Each structure stands twice: as structure tokens, then as C-alpha cells.
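Trainee: Sequence lines, in order, name chains A and B. Mapping of the first sequence onto my numbering: residues 1 to 111, in sequence order. Mapping of the second sequence onto my numbering: residues 1001 to 1112, in sequence order.
FYI, nobody ran anything at the bench for these hints, they're computed from the structure. Be careful, since some hints might not be right.
To be verified - Residues on chain A that point at chain B, a partial pick, calculated with CB under 7 Å: (1) Pro40; (2) Pro44; (3) Leu46; (4) Phe101; (5) Ala103.
Unchecked claim - Using 30 Å as the maximum straight-line C-alpha spacing, the simulated DSS-like pairs for lysine-lysine come out as follows: (6) Lys57/A x Lys1080/B; (7) Lys1080/B x Lys94/A; (8) Lys71/A x Lys57/A; (9) Lys98/A x Lys57/A; (10) Lys42/A x Lys58/A; (11) Lys5/A x Lys1080/B; (12) Lys1080/B x Lys42/A; (13) Lys94/A x Lys1100/B; (14) Lys42/A x Lys57/A.
This one's a predicted model, so the numbers in the text were calculated from it and none came from an experiment. Where is the CB? At the ideal position from N, CA and C, for every residue including glycine.
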Amino acid sequence: QQQVKQSPQSLIVQKGGIPIINCAYENTAFDYFPWYQQFPGKGPALLIAIRPDVSEKKEGRFTISFNKSAKQFSLHIMDSQPGDSATYFCAASKNDYKLSFGAGTTVTVRA
Amino acid sequence: SQTIHQWPATLVQPVGSPLSLECTVEGTSNPNLYWYRQAAGRGLQLLFYSVGIGQISSEVPQNLSASRPQDRQFILSSKKLLLSDSGFYLCAWMGRGPEKLFFGSGTQLSVL
């Protein structure tokens, strides 16, 4: 039973485009929503995270949008670059030291 | 600064052979430790986590086991590997406080 549903499974954009990855959850006890970035053959690394008391968070070209009532959150990559090509995972936690991960989205940015 | 070491990077094992993957963390004490598995093109599946020495919680019943003999050492084992055990195994640690998870570089296991 996957507690966090992530879509799409993969997407391709041109350089400068804005890939958008969406995640949805059911458990209203979740209070921490991170995104991880994984390059081939490497472990995932924390990219950006948000708590439900804010609706948006930006760090550089990465933005999380959070909709508490819809129980959805998304990652936008502004002005995407070929170096952003990676697999992105959303996750959620309810302060119990366990993260529930989405299935991942493979993003390809073409030059 | 904290670092996590995981080895080996790649491993090819025959079906029925034993397995031992080791993970160590430096620069922190009493971390939560985790083993995840990532099948090809799939998400991250939590296998085991540990909040202290000798304390192991299993998330998915399977052919694998975990042990934590020291505070910063986490070991994933199997007595007899199955073909379905193939995958990318990731060790991770989480410090006390915010739920920031830090992953190792992973072990690509192929069971043939």
C-alpha cells in the first residue's frame, strides 16, 4: 500500500522548460514533505522540503507548491537544465522517523 | 561533518549464496539507521530500520535480515539469496530532530 502517489512516471522537457511532478497523500497526520533527487548509480539526496503551514517554498530553481486541503504537493523545476536530469522522489513523514516515498519520476532535460 | 559509508558498490552473487552488506556512519552518535531497496525503475522500499543497538524493525517480511552490532554500524544479511533479491540497496541515517534522511552511495546486487 503506497501512502504517497507520484506522477508522472517519467517526463521529457527541453532546456529552459518547467517540469512539474505531482504527489498526493491520504494520511492527514503527515507533516513533513521532502523531495529527493537521485542521479544514476547514486543514493538519493535531499533537495527541498516543506511543512504544511506554508503553501510554497523556493530554493534556487526548485519550488514546492503545497495544497493542504487537496492533500497534494508538487515540485517545479524552473529554467531546467540538462544537469537536472535525474529521478525525483517525493516523500512524506508524520514525525515517526520513517519516510513514505513516492514511486519516483525520471526527468530528462534535453539540450 | 557526518558521512555514511556503504560497501561494496557492486556485487554479483549466485542464487543460494549468503549476503552481507555493511554500512557505517561517521560524525554522529545514536543515529536512526535504515536499509532501503530500489528495484530497477521502481521506488524506494524500506526494508529495516533501527533506533539503537540491537533494535531492528522489519517493514517487509522477506529473505533478508538486519543487525546493528554497534551504534554506527548496520548490516544487511541473507543466508540464501533468491533471484528476487536483486536490486539497488541503500543504507541511510537520520539524525535526531527533523526527518532529514541521508543516503549512502548504494550497492548494486545482482543475483544470478
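Trainee: Indicate, hint by hint, whether the structure satisfies it.
Mentor: Hint-by-hint comparison with the structure:
{"no.": "1", "hint": "Pro40", "in the structure": "violated, 10 Å"}
{"no.": "2", "hint": "Pro44", "in the structure": "holds, 5 Å"}
{"no.": "3", "hint": "Leu46", "in the structure": "holds, 6 Å"}
{"no.": "4", "hint": "Phe101", "in the structure": "holds, 4 Å"}
{"no.": "5", "hint": "Ala103", "in the structure": "holds, 4 Å"}
{"no.": "6", "hint": "Lys57/A x Lys1080/B", "in the structure": "violated, 47 Å"}
{"no.": "7", "hint": "Lys1080/B x Lys94/A", "in the structure": "violated, 35 Å"}
{"no.": "8", "hint": "Lys71/A x Lys57/A", "in the structure": "holds, 16 Å"}
{"no.": "9", "hint": "Lys98/A x Lys57/A", "in the structure": "holds, 22 Å"}
{"no.": "10", "hint": "Lys42/A x Lys58/A", "in the structure": "holds, 25 Å"}
{"no.": "11", "hint": "Lys5/A x Lys1080/B", "in the structure": "violated, 33 Å"}
{"no.": "12", "hint": "Lys1080/B x Lys42/A", "in the structure": "holds, 26 Å"}
{"no.": "13", "hint": "Lys94/A x Lys1100/B", "in the structure": "holds, 13 Å"}
{"no.": "14", "hint": "Lys42/A x Lys57/A", "in the structure": "holds, 26 Å"}
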